[in-house]
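Chains as they are written, first to last, in the numbering used here: chain B, 396 to 703; chain R, 11 to 366.
A few of these clues could be false.
[Said to hold, decoys possible] Straight line, CA to CA, 20 angstroms or less: simulated EDC-like cross-link-like pairs of lysine to aspartate or glutamate: (1) B/LYS546 <-> B/ASP607; (2) R/LYS259 <-> R/ASP199; (3) B/LYS616 <-> R/GLU119; (4) B/LYS667 <-> R/GLU102; (5) R/LYS49 <-> R/ASP240; (6) R/LYS188 <-> R/GLU34; (7) B/LYS506 <-> R/ASP277; (8) R/LYS133 <-> R/GLU119; (9) B/LYS613 <-> R/ASP107; (10) B/LYS570 <-> B/ASP639; (11) B/LYS570 <-> B/GLU690; (12) B/LYS667 <-> R/ASP107; (13) R/LYS216 <-> R/ASP247; (14) B/LYS640 <-> B/GLU567; (15) R/LYS175 <-> R/ASP247; (16) R/LYS331 <-> R/ASP357; (17) B/LYS518 <-> R/GLU268; (18) B/LYS616 <-> R/GLU34; (19) R/LYS331 <-> B/GLU502; (20) B/LYS568 <-> B/ASP642; (21) B/LYS587 <-> B/GLU440; (22) R/LYS140 <-> R/GLU164; (23) R/LYS180 <-> R/GLU46; (24) R/LYS57 <-> B/GLU660; (25) R/LYS363 <-> R/GLU296; (26) B/LYS699 <-> B/ASP607; (27) B/LYS517 <-> R/GLU268; (28) B/LYS699 <-> B/ASP668; (29) B/LYS640 <-> B/ASP694; (30) R/LYS179 <-> R/GLU46.
[Claimed, not checked] Coverage of chain R stretches by chain B, computed from C-beta distances (three or more under 8 angstroms per stretch; other residues unrestricted): (31) 280-290; (32) 303-317.
In short, the hints are calculated from the structure, not lab data.
Where a beta carbon is used, it is the ideal one built from N, C-alpha and C, also for glycine.
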Amino acid sequence: MDKPITIGLPRAMLYYRYKTLWHSFFEELGFSVIESAPTSKLTLEEGAALAIDEACLSLKIFLGHVKALIGKCDYILIPRISNFGINHEMCCRFEALYDLTRNVFRESGQKFLTYNADMIQKKSEWAAFMGLGQFFGFTVKAANKAYRTAKKAEQRQQKAEQKKQELLYRSEKIKILIAAHSYVICDAYIGKPVIEFLKGSDVVPIRADVIDPEDGAKAGKELSPTCKWQINREILGSIVQNRDKTDGIILLSAFPCGPDSMVNEIIARRVKDLPILNLVMDGQNGTAGVETRLESFIDIIRFKEGKL
Amino acid sequence: MDLHRKISFPRIARYNCAIKYIIEMGTGASYIMQPEMTKRTMEIGTKYSPDYVCTPFKSSLGSMIEALEAGADTILMTNGLCRLGYYGELQEQILRDLGYRFDFINLSEYVTGKLKDYLKAVKRIDPKVKLPRFLLALKDGLKMGEYVDNITEEYYKNCGFEVTKGEYKKAFRQFLSKMETARSRGEMDAGYQAALQTMGQIPVDKPEKPLQVGILGEFFTVMDAFSNLDLEQHLADMGVEVHRWMNVKNRMLHYSGEKNLNIKIRDLCSYEMGPTSTANIWCAREYAEQGFDGLIHVKSAGCTPEIDVMPVLQNISADYKIPVLYLTYDSQTSDVGLMTRLEAFYDMIRMRKRVL
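Go ahead and model the full structure; you've got the sequences and the hints to work with.
See below:
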């Protein structure tokens with residue numbers, strides 16, 4: 396048997412949203428799937444050197460991950476995900492990501508794999524995955540079967556995560572809702588230290604982005620009717636549904652995130668009954684500054700609740 | 011209750027005359043023209059805006075405040091394909107928190123995928139609006155936008171070479187004031203024809219192969235002379251033929267679409283990378299192939315789609331050996347800094363032209 400084709404997944408951006416779907420689909424079809432290692436200082440430094448200075452921290456991290464995969468796999472997967480319908484859009488950056496990366500690494504000889512999800516242009520995720528299957532010579536039947544299996548796995552994983560999350564709300568400890576994109580909160584270099592610090596301070600951090608996408612987007616309208624970014628709508632929805640069950644909110648974003656620069660301002664102006672900490676990560680060395688701010692935020696919550 | 015609205019829209023390039031025309035000729039409302047943007051507009055806008063939002067948010071917020079100060083009771087705000095689509099909701103919230111009292115018509119609230127639904131917004135401007143009258147005014151107003159674009163193109167291509175200083179500017183100003191006061195298609199057409207004629211007769215001393223620079227970039231900053239610190243005028247004054255494809259006429263009224271523009275740039279990008287990305291990449295290659303001496307890419311600080319286009323422009327620059335100057339504008343950008351960079355860029359392309 397031939398050596399299986401290897402697909403590389405950069406561990407950044409939408410990886411955290413789609414990792415189960417991608418893994419399962421490609422493995423079902425007999426590919427081998429590899430991932431870049433969790434973000435380190437080096438990932439960020441290498442990515443920053445490749446990126447336009449003004450690009451967001453998340454893009455710099457992403458390019459660092461792509462670099463780590465160059466030459467280590469047959470294809471690197473970078474989809475173009477534009478929207479899931481009107482007012483269910485993604486930040487423009489996800490429309491550009493594939494072409495942008497391809498241009499940055501033009502001289503590398505690396506092959507990239509892409510698919511296009513753009514419901515406004517009637518390009519569904521299903522059709523995109525059938526296209527991927529066909530590209531590698533699979534029948535629609537085989538690709539469809541792999542897609543269905545992958546979709547089921549994705550749903551199982553989402554349900555399990557949401558269930559686990561529900562349990563967190565029952566904790567007696569101080570609970571803080573973290574409003575952040577999954578690629579910020581789950582990132583080993585920028586999000587994880589925040590989570591770990593909170594856990595170490597006897598606080599339960601709860602991710603706002605873990606929510607049923609449809610329910611979340613619907614509930615989010617209550618807080619911001621014209622917000623059109625799907626991920627931000629989910630986060631807004633989570634705030635609407637859970638604000639009574641939490642003691643504070645941390646708005647965690649990566650400098651200078653376009654959607655967050657505005658949506659977080661709306662949250663700060665409209666959610667008046669909870670303490671809110673606006674934490675913008677810029678990838679600078681050292682965690683002391685962040686820790687000081689987290690510490691004083693926790694103190695404020697404890698003080699407010701008479702526990703200090 | 012007085013239902014007669016006094017409507018205003020933030021300042022955008024030279025198009026407010028067309029918006030005024032559509033509102034006043036198409037509905038029963040009147041239009042309040044706030045002053046042109048100044049340093050103060052930017053200062054108050056910046057003061058009340060979130061830190062790292064893109065610059066047009068700040069200037070348009072400032073311009074809204076100046077409209078309310080000028081007596082507007084209703085602010086109209088547009089939808090958009092990038093962050094612009096969310097400007098309205100946040101700007102309204104900020105203005106309300108500041109205590110201003112006004113009505114806010116945000117086109118983003120009417121986005122359903124059907125153009126028809128925008129008519130609901132028109133009904134809010136004037137519940138008694140007559141549709142045929144409104145549509146006619148809209149058509150004529152858009153025509154005015156096209157005239158503005160045609161004359162603007164003509165102006166920046168030639169004003170750097172006029173024999174008697176100031177003649178082009180005078181004709182341009184006359185044209186703009188005629189557009190601002192036009193009350194019919196006839197007056198509009200007459201003003202346009204007169205401007206074409208006057209400009210056609212101004213003596214120019216243009217070399218056979220003048221320095222040609224193509225300007226491209228983010229939709230608002232590239233068109234708005236206040237926001238780009240009069241970039242095009244400065245270049246023209248140095249004796250450059252300035253070209254800019256990006257305007258309302260080309261991007262909105264006669265856009266040939268992503269599908270058709272993409273054909274020429276497929277090797278560089280497979281998809282629409284953002285609202286104006288296809289157009290800008292196409293335009294950059296077009297200018298490069300026509301043998302332009304340089305390109306200037308203009309954007310406001312933090313503009314996501316334009317940052318994403320830059321790696322592609324860098325490749326075009328390498329492939330065609332065409333210099334590209336990248337300019338980012340924020341609320342702090344000064345003319346002195348801009349002039350230094352422009353002069354250096356100008357010297358460089360001039361020397362290259364002599365050598366090549």
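Worksheet item: Is it true that the CA of B/LYS667 sits at most 20 angstroms from the CA of R/GLU102?
Response: holds (18 angstroms)
Discussion item. Next pair to validate is B/LYS616 with R/GLU34; report whether the Cα-Cα distance is within 20 angstroms.
Written reply: violated (34 angstroms)
Worksheet entry | 20 angstroms Cα cutoff - pair B/LYS699, B/ASP668 | Measuring from Cα to Cα gives roughly 12 angstroms; hence the hint holds.
Discussion item. Hinted pair, alpha-carbon criterion (20 angstroms max): R/LYS57, B/GLU660. Please report holds or violated.
Written reply: holds (14 angstroms)
Practice prompt. Would you mind confirming whether the straight-line C-alpha gap from B/LYS546 to B/ASP607 stays at or under 20 angstroms?
Written response: It holds: about 14 angstroms lies between the C-alpha atoms, which stays within 20 angstroms.
Item to complete: Measure nothing beyond the straight line between the CA atoms of R/LYS179 and R/GLU46; if it is 20 angstroms or shorter, mark the hint as holding.
Response: Roughly 17 angstroms separates the two Cα atoms, so the pair holds.
Practice prompt. Compare the distance between the alpha carbons of B/LYS613 and R/ASP107 with 20 angstroms, and conclude whether the hinted pair is satisfied.
Written response: Violated. B/LYS613 to R/ASP107 sits at ~26 angstroms, over the 20 angstroms cutoff.
Worksheet item: Between R/LYS175 and R/ASP247, does the CA-CA distance stay at or below 20 angstroms?
Response: OK: R/LYS175 and R/ASP247 at ~10 angstroms, within 20 angstroms.
Item to complete: Given the hint that R/LYS331 pairs with R/ASP357, test it: the Cα-Cα distance must not exceed 20 angstroms.
Response: Roughly 17 angstroms separates the two Cα atoms, so the pair holds.
Worksheet item: Between B/LYS570 and B/GLU690, is the straight-line Cα distance small enough, at 20 angstroms or below?
Response: holds (14 angstroms)
Item to complete: Decide if the proposed pair is consistent with the structure: R/LYS363 and R/GLU296, CA atoms, cutoff 20 angstroms inclusive.
Response: Distance ~19 angstroms between R/LYS363 and R/GLU296 Cα, so the pair holds.
Practice prompt. Verify the proposed pairing of B/LYS667 with R/ASP107, using a straight-line Cα cut of 20 angstroms.
Written response: holds (13 angstroms)
Checked against the numbered hints given earlier, this structure breaks hints 9, 18, 22, 26; the rest are met.
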